[in-house]
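Residues per chain, in single letters:
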Amino acid sequence: MPRRRLGFGARLKGFWWKPDAAHEVAEELTHHFELLVRDAMDRGLSREAAMAEARTRFGDPGLVRRECEDLAQARDRKVSMREMLADLRDDLRWTLRSLRRSPAYALASGSTLALVVAANALVFTVVYAVLLRPLPYPEPDRLLGLNEGSTEGFVQEISWPNLEDLRAGAKGVASIGAWLDWDVTLVTEDTPRISIAYTTPDFFPVLGRSAMLGRTLEPSDEKALVLSHGAWQTYFGADPAILGRVITLNSDVLTVVGVMPPSFRFPDARIAAWMPLGPVPDWMRNRAVHIFQGIARLEPGVARDQGEVRLVQALAQAQSGHPGEDGPHGLAVRSLRERLTGDARPVLMLLLGSVAAVLLLACANLAGLTATRALQRESELSLRAALGASRGRLVRQLVVESLVLGIAGGVVGLALAAVALPRLLGMLPSDLPSPTAVVLDRTVAIGTLGVALLAGLGIGLVAAFRASRSDPARKMQGSTASTAGRERLLLQRSLVAAQVAISLVILAGAGLLLRSFRAVVGVDPGFRTDGLAVATVALPSSRYKTDAMVAWYAGLPERLGAVPGVLSASAVSSLPITLGDGKGDISIEGRTFAMGEAPGLSYRRALPNYFRTVGIPLIQGREFDARDNGDQMVVIINEALARKFWPGGDAIGKRIKIGPPEREPWLTIVGVVGDVHNEALERAVGFDTYEPHAQRPRGTMSVVVRTSGNPRAVAPLVRGVLQQNDAGLPVWGVGTMEERVRGSLAPRRFTAGVLTAFGASALLLASIGIYGVAAYLVGRRKREFAIRLALGASGTQVRRLVVGESLRVVLIGIVIGLPAGLALTSLIRGLLFNVKPGDPLSHLLAAGLLGALAIAATWLPARRATKADPVSSLRE
Amino acid sequence: MPDFFLDLPQGTLDLLVLKALTWAPRHGYAIARLLEERTGDRLRIEEGSLYPALYRMEAKGWIEAEWGESELGRKAKFYSITREGRKQLKRQLNHWETVQDAVGRVLRTENA
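Just so you know, the sequences run in chain order L and B. Just so we're aligned, residue 1 is where the first sequence starts under the numbering used here, counting upward by one. Just so we're aligned, residue 877 is where the second sequence starts under the numbering used here, counting upward by one.
Hint data in this document are derived by calculation from the structure and do not stem from the laboratory. For every residue, glycine included, the Cβ atom is placed at its ideal position computed from N, Cα and C. Just to be clear, a hint being listed does not mean it is correct.
[As the list claims (entries may be wrong)] Far from chain L, some chain B residues (derived; all Cβ distances over 12 Å):
id: 1; residue: R918
id: 2; residue: A929
id: 3; residue: L930
id: 4; residue: L948
id: 5; residue: R962
id: 6; residue: R967
id: 7; residue: Q968
id: 8; residue: E973
id: 9; residue: G980
[To be verified] Within a straight-line C-alpha distance of at most 25 Å, the following computed PhoX-like cross-link-like pairs (lysine-lysine) qualify:
id: 10; chain 1: B; residue 1: K963; chain 2: L; residue 2: K78
id: 11; chain 1: B; residue 1: K951; chain 2: B; residue 2: K936
id: 12; chain 1: L; residue 1: K171; chain 2: L; residue 2: K78
id: 13; chain 1: B; residue 1: K936; chain 2: B; residue 2: K963
id: 14; chain 1: L; residue 1: K545; chain 2: L; residue 2: K223
id: 15; chain 1: B; residue 1: K936; chain 2: L; residue 2: K78
[What the hints assert, rightly or not] The following label-pair restraints were derived from C-beta to C-beta distances:
id: 16; chain 1: L; residue 1: M84; chain 2: B; residue 2: R950; range: 28 to 34 Å
id: 17; chain 1: L; residue 1: A22; chain 2: B; residue 2: A978; range: 41 to 47 Å
id: 18; chain 1: L; residue 1: A22; chain 2: B; residue 2: S925; range: 19 to 25 Å
id: 19; chain 1: B; residue 1: T915; chain 2: L; residue 2: R89; range: 40 to 46 Å
id: 20; chain 1: L; residue 1: L96; chain 2: B; residue 2: T888; range: 19 to 25 Å
Please construct the entire structure, taking both the sequences and the accompanying hints into account.
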């Protein structure tokens, strides 16, 4: 007999019963079978007969069971999916409604997240391009960069004989290529200076990329050239018929045989073309002449460390076979990426770490904000809970709300980053090596959105964790208890402390970098940077024989002196604050050095009056003048060198050699000049030598002009003088010395600037966090404050109470942040200059700044606390 | 027991089950018995068709099931018709009547 309606008891019994599909079907079919038996027995059959009849009737129960199980499972999937979607729709609707109801919160948290995500996306774009994106060469793991070590612990270029010995001696290495970069003038209308790479025949095979147009270089090529994609676009308008075109570099006439694809930028994007090295000149066939950069490709199946060991051993063996030809420095083998990006890694890791810290801080900030907001909405949430919404559902709603924020922040942030990227590219230090293009590609976009989503999830979970522990009955009574909310703000306070700690670390880092920057700026370069105009000119050797070259330069100071506003003029082969012409070991007459003991000297050539013009003081002896025409071999040395070997001040008249003694002549010291930070402001003063230009002529020199007025105004006139009689002369680098000094500081300024911006953002976020908690607290405890005031407490006492409570939290953050900062800033030791990572001023200043800001951020809420009207707030 | 059974056209079983459930929620056996009784035992509801049909309709949301206690004192699945099921029943009923009418017209015609 079917029952008309399920009784309450029947319902209750079935309520918790929720079997899986298999049990469900088995249970149902067995039930059916038993009823069949019962009915048959009711008709008078014996139990056995009834069972037999039921079995016959039922047919194959297994078949029915299987079909039903499949259907049940499909049903369950469909139902759970439907329920989930319905719940999600509800949650989304609820979220949008609640966000619309508080647009200020939605806008503030959404835009905070978007900005922070954008900053992360930008930094990650750069980091990914430089450090992570696979190098665009087949099997990049098998590529190695080869250099030689040096006695000073630096890495230096590798010499040709050593390269040849490595090629012959290293087993397990498929091939070794080498290149050397060079600046040349592309002879077109505006004669731009471009960087090119002279390559050995193995260069392209080692890298393993083919050309986009035409072909790469082949061993038989002599006067051929392969253009980079960028150069092809910039200088040749992406001419599709470029192949076979004849172009002139300096005085070399070359035929374009290929154009590389845009992703081929080796060793970096600066290189405009690759051309064959050709026959190696004799002077390069010297073990002590370090001018090549090596790359090697390991044979398949050779492990990297194994290959490295073999290469190092091969060079050691080669060098031991030629003692005395060069110092005993070994091979410096690095992975190709490390070789290409080595210097940039610490800076990039610093930026990535800081921007991630800012993101973390923003998350803590928003989690606190969301949790506080959840507190304010507690009666709403409690009502929902009381009406039957499950805890899980409430948690999920908060998480969905934050996820929506995360997605919105991620999408908007990504769009912001895409817009800002071109501007950032313009700001990046020009020496940032990037083996792959700095583009916001799909990987970066997906990574960014993932991070934004995670941030949203994290914010939601933290806030929900808080909200899920609220007690509905208490919340619905309202917040009448006078000390309500004290213990419940633990989460918000912890989050504020975390924000303080994180910003302290970032601020300390920024402080250290700023102090380093100031220290570098404060370095006395050893000459007068103001009032100097500079330019570089190159006399092509095809048109200027040595005599003509010497004569042209000899007359140059006079020609420049005729320009109005010019006080004196001269020229030098390498300007200060650039690397010198080169280095050679010293030989001193009457003195022998053990192998590798002789210090290296940097050398430059100068015209008469160079020292007076740039403002390097003459300590002893004389400047170069018209006498120094190459008949007598003379040299001027710097004070550091003089003091090292002639501490008695008797350097004048002594004779030295620079470089291989068997080839180099003795040079008589005629003068001692002041020390100059010739390589870079932050590099220590080295041992410098200067020779007269006429003694060792060279086509390319940098002109220095001291002006009475603004050098910027004189600089263009300098170009005019240089090209006076030969309009085709390549002239570049026209500007002022101050601009060049500033330019040399650009990477440091960039890093310090970015980190300071991060620090400022961190400070802002943290103070918003501090303000938020204080404001909420004051709102909640208005009653308490009113009572205190009514009982005679002074405004100052109440203010102190509020400020004091904030300060306690800030202090906890500082106590955590200070040691963390001390530990973490030691990681950037290499980026600092004349400042120790533990520099107390930087760390304490950061802590002080945070403390001051905490007081400022609490001031407004504290004032509001004293303005509480006792009567009205007690009535509330 | 009758010696012949009607063969049910496709979809007709669904229609009958939905109709049976409009009177009250029932478990599978009760549905089968009810339908057999109402057809004077001329219709035999095969277990092998009934249960798959029930699961299919449950997935489609035409009927829903609830576990309760049956007359045997055991847990049993009681099916009831949903609002969607009632709509479906109405649609199928219209369809059924149209088909029946059309087929009947042809079959009852004596001479063409």
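We went through each hint and held it up to the structure:
1. R918: holds (16 Å)
2. A929: The claim is violated: A929 of chain B sits with its nearest Cβ about 9 Å from chain L, within 12 Å.
3. L930: About 8 Å separates L930 of chain B from the closest Cβ of chain L, which leaves it inside 12 Å; violated.
4. L948: violated (6 Å)
5. R962: holds (18 Å)
6. R967: It holds; R967 of chain B is separated from chain L by about 21 Å at its closest Cβ, greater than 12 Å.
7. Q968: The claim stands: Q968 of chain B keeps its Cβ more than 12 Å from every Cβ of chain L (closest is about 20 Å).
8. E973: The claim holds: E973 of chain B sits with its nearest Cβ about 26 Å from chain L, beyond 12 Å.
9. G980: holds (32 Å)
10. B:K963 / L:K78: Judged against 25 Å, a Cα distance of about 20 Å means the pair holds.
11. B:K951 / B:K936: Status holds; Cα separation ~24 Å.
12. L:K171 / L:K78: violated (63 Å)
13. B:K936 / B:K963: Within the cut-off at roughly 12 Å; holds.
14. L:K545 / L:K223: holds (23 Å)
15. B:K936 / L:K78: holds (9 Å)
16. L:M84 / B:R950: 28 to 34 Å: For M84 of chain L and R950 of chain B the Cβ distance comes to about 32 Å; the hint holds.
17. L:A22 / B:A978: 41 to 47 Å: holds (44 Å)
18. L:A22 / B:S925: 19 to 25 Å: holds (21 Å)
19. B:T915 / L:R89: 40 to 46 Å: holds (44 Å)
20. L:L96 / B:T888: 19 to 25 Å: violated (46 Å)
Checked against the numbered hints above, the structure violates hints 2, 3, 4, 12, 20; every other hint is satisfied.
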